Structures are given as C-alpha cells and as structure tokens.
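**Student:** These protein sequence lines map, in sequence, to chains A and B. Residues 513 to 624 (the working numbering) are what the first sequence spells out, left to right. Residues 373 to 583 (the working numbering) are what the second sequence spells out, left to right.
None of these hints come from the bench; they were simulated from the model. Please read all numbers here as calculations on a predicted model, not as lab measurements. Treat each hint with caution, since some may be false.
Unchecked claim - EDC-like cross-link-like pairs, simulated, lysine to aspartate or glutamate; straight-line CA separation at most 20 Å:
(1) B/K461 to A/D542
(2) B/K382 to A/E545
(3) B/K461 to A/E543
(4) B/K382 to A/E536
(5) B/K504 to B/E529
(6) B/K471 to A/E543
(7) B/K382 to A/E597
(8) B/K400 to B/E551
(9) B/K471 to A/D542
(10) B/K471 to A/E545
(11) B/K471 to B/D452
(12) B/K500 to B/D468
(13) B/K559 to B/E430
(14) B/K500 to A/D570
To be verified - Chain B stretches covered by chain A per the calculated footprint, using a threshold of three residues with CB under 8 Å from any CB of chain A:
(15) 465-471
(16) 481-489
(17) 497-509
(18) 517-525
Using N, Cα and C, we set each Cβ at its ideal position, and we do this for glycine too.
Take a look at the letters that make up each chain.
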Amino acid sequence: MANASALKGLAKKNRMGAPPSEEEASRNLDEPEIRAPVDVLTLSAPQPQSSEPPARIDARSLRRTHRTVQFATRVSPEFDRRIREIAFEEGRLLVEVMELALAAYERERGGT
Amino acid sequence: MAIIAFVSQKGGVGKSTLSRALGREAAKSGLSVKIADLDPGQGTTTEWGRIRTAAGIEPVVPVQLYRATADAMVEADRHDLFIIDGPAKTSTATLDIAKAANLVVQPTGASRDDLVPAVREYHALVRKGIPKQRLRLALVRIGTDAEEADARAFLAEAGYNVLPGSLPERPAYRMTQNEGRAVTEVKFATLQKHAEALVQAIIDETVAANI
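Using the sequences plus the hints, can you model the full thing?
**Tutor:** Shown next as structure tokens:
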C-alpha cells in the first residue's frame, strides 16, 4: 500500500492567514524624516571622564560619563502638568524644555 | 565598502541588536566598521557603545549618533562596513538608505502583528524601485520552531527572502547587551551559535546580493 501521509501537510493552510497585497503597501516612505534637535548630539556627545577615581568601582561607576548631574527639586502640580504637556506636544525631554526655559529667562533679563 | 541597513517601522524589533552583533563580528575580523545610530531620540546603540568602551570590552565597536540620514551617508565610504541602525520609524529617509545599502534587513517578530507591517514596508520599498533581492527579513524573539515555520511560510507567500537562522527569545541576550556586549558574545554556547549563524547569514547574503 502506498504511503500517502506526506500529502497531508500540503492541504494545510498557513495559520497566519494571507499576507497583505502589494496594494496595501505602507505609505510611510512619503513621510518626512524627523530630524533631531541640534542639541541632541551635544547632549549625547562623550564628555571627558573625571580624573578623580570613583570612590567605589562597580558597574554604575564604570558606566558614569559625568555628562549629567542629578537635579531634583519639588514643583507645584500645575508646573509639573504644564511642563510635561509641553514636552509631550513638542516631542522633547523634560530637561530640554527646562534648558530652553532657562535660555529664554536669561534672554528676557538681558543675561548671557 | 559595504552598507548594511537595519530598518523597521517599529521599535524593539531587533535593529540595534543585529547592528551591534554585526559591528562586533566585523570589528573582530579586522574590518574598519562604524555603526551609524540614526535614532537620536533614543540613542540606544550609542549608549551601548559607551558602556562597552567604559568596560574595556574588545574589540572596540565604533558607534556614532547622527541627527539625520544625510549626515551619516556622506561618511559611509570611509569604512569597510557601514552599518545603519535605523530609527523606529520609516520615512523618505528609509528610501534613501535602501537605495544606498548593499543589503536591507528588517528584523521582525513572528506574530502577525509584527509580520503584516513588515511586509507592508517592503511592499512600499519595492514599489519605489528597490529590488527584492536586496531586501531580507530576520526573525527575532522566536518562541518555538512551529512559530518560526509559520512566520517563514507567511513571508515566503508575501514574496520576500528570510535570512536563514533566527534569534530565540531569551533574557540572556538582553542581559548580555546591558553589559555592552553583543548577542554574539553571550556566554551560553547554544545562544551564541544562533546569533553567530544569523550574523553570518547577513554577511553571506550581502555578498550574494551584490555579485
């Protein structure tokens, strides 16, 4: 008797269903590229390491770049809500909004 | 000089994972290589490169963050291999990348939610004149052999080439990359073999697509 079991799989449909047709091509290639703000590269550029050896050498101290410092403060709920709204609307980091706000403040009062 | 680009409309699919692994293997082979990190909003591969350098891991894998695709492309011919780690968003720049690249790799998971958008992106590139023989899909975050087989069948039916091999879904790959290492440097032999096979396939198919 012939062994026809190999034919069994042929009738089986792909469980994923049909792939999209060429008419369903994405339209993203007509969208403009989102360019990063100029200061992004500045923020990301490697900075010189501190010459001071860390008090304790561990994974965290090895990763530390001294590019940023901790900055913590308490703000009103309204300030928190507003700055987050601006950051969300403009696709910026909170720190970027704060840096722009500081620059505007200094311009306003005639500083640097 | 070769340009290999990793593109996708989605984030977290494996563009950076494969860029880093390819960069590491090329550097290990003595090639002049650079990874162009084109996702300045996140800069994850740049950060990975920084961690790798700080930890003193050899070989050094140069990574540079660029604001825009055009800024990166002018530097491409200065290296034996220029790897483009694209942003998690396709755009007109994706077409520019695909035109310049010797091979375009789109990593994808095996779910229909991952595969359908991946196929639609490649349909769009083909419609704009990119030859299919320069487009590949790489299967990553694979759970089972059956899942991989289904995904391969789906993509074959869609008319696209899938790289041989795949990356299984394993926390060890993430942990390895957290330390600044590439997935080809994972300490588990079987997982390393999977990663090396996939990277080798990218290299082999780049050569084959450009003969």
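**Student:** Measure nothing beyond the straight line between the CA atoms of B/K559 and B/E430; if it is 20 Å or shorter, mark the hint as holding.
**Tutor:** Roughly 15 Å between the alpha carbons, so the hint for B/K559 and B/E430 holds.
**Student:** Per the coverage rule (Cβ-Cβ under 8 Å, at least three residues), is the stretch 465-471 of chain B covered by chain A?
**Tutor:** holds (count 3)
**Student:** Between B/K504 and B/E529, does the CA-CA distance stay at or below 20 Å?
**Tutor:** Within the cut-off at roughly 14 Å; holds.
**Student:** What's the verdict on B/K382 and A/E597, does the C-alpha distance respect the 20 Å limit or exceed it?
**Tutor:** It is violated: about 24 Å lies between the C-alpha atoms, which goes past 20 Å.
**Student:** Are B/K382 and A/E536 close enough, with their CA atoms no more than 20 Å apart?
**Tutor:** holds, 17 Å
**Student:** Decide if the proposed pair is consistent with the structure: B/K471 and A/D542, CA atoms, cutoff 20 Å inclusive.
**Tutor:** holds, 15 Å
**Student:** Can you take a look at whether the stretch 517-525 of chain B is actually covered by chain A? Rule is 3+ residues, C-beta closer than 8 Å.
**Tutor:** holds (count 3)
**Student:** Hey, B/K500 versus B/D468, does the alpha-carbon distance stay inside 20 Å?
**Tutor:** Holds, at roughly 11 Å.
**Student:** Does A/E545 lie within 20 Å of B/K382 when you go C-alpha to C-alpha?
**Tutor:** holds, 15 Å
**Student:** Between B/K400 and B/E551, does the CA-CA distance stay at or below 20 Å?
**Tutor:** Cα-Cα ~18 Å, so holds.
**Student:** So if I understand the rule, the pair passes when the alpha-carbon distance is 20 Å or less; does B/K461 with A/D542 pass?
**Tutor:** With a Cα-Cα distance of about 12 Å, the restraint between B/K461 and A/D542 holds, given a limit of 20 Å.
**Student:** When I compare C-beta atoms, does the stretch 497-509 of chain B have three or more residues closer than 8 Å to chain A?
**Tutor:** holds (count 4)
When the structure is compared with the earlier hints, violations turn up for hints 7, 14 and for no others.
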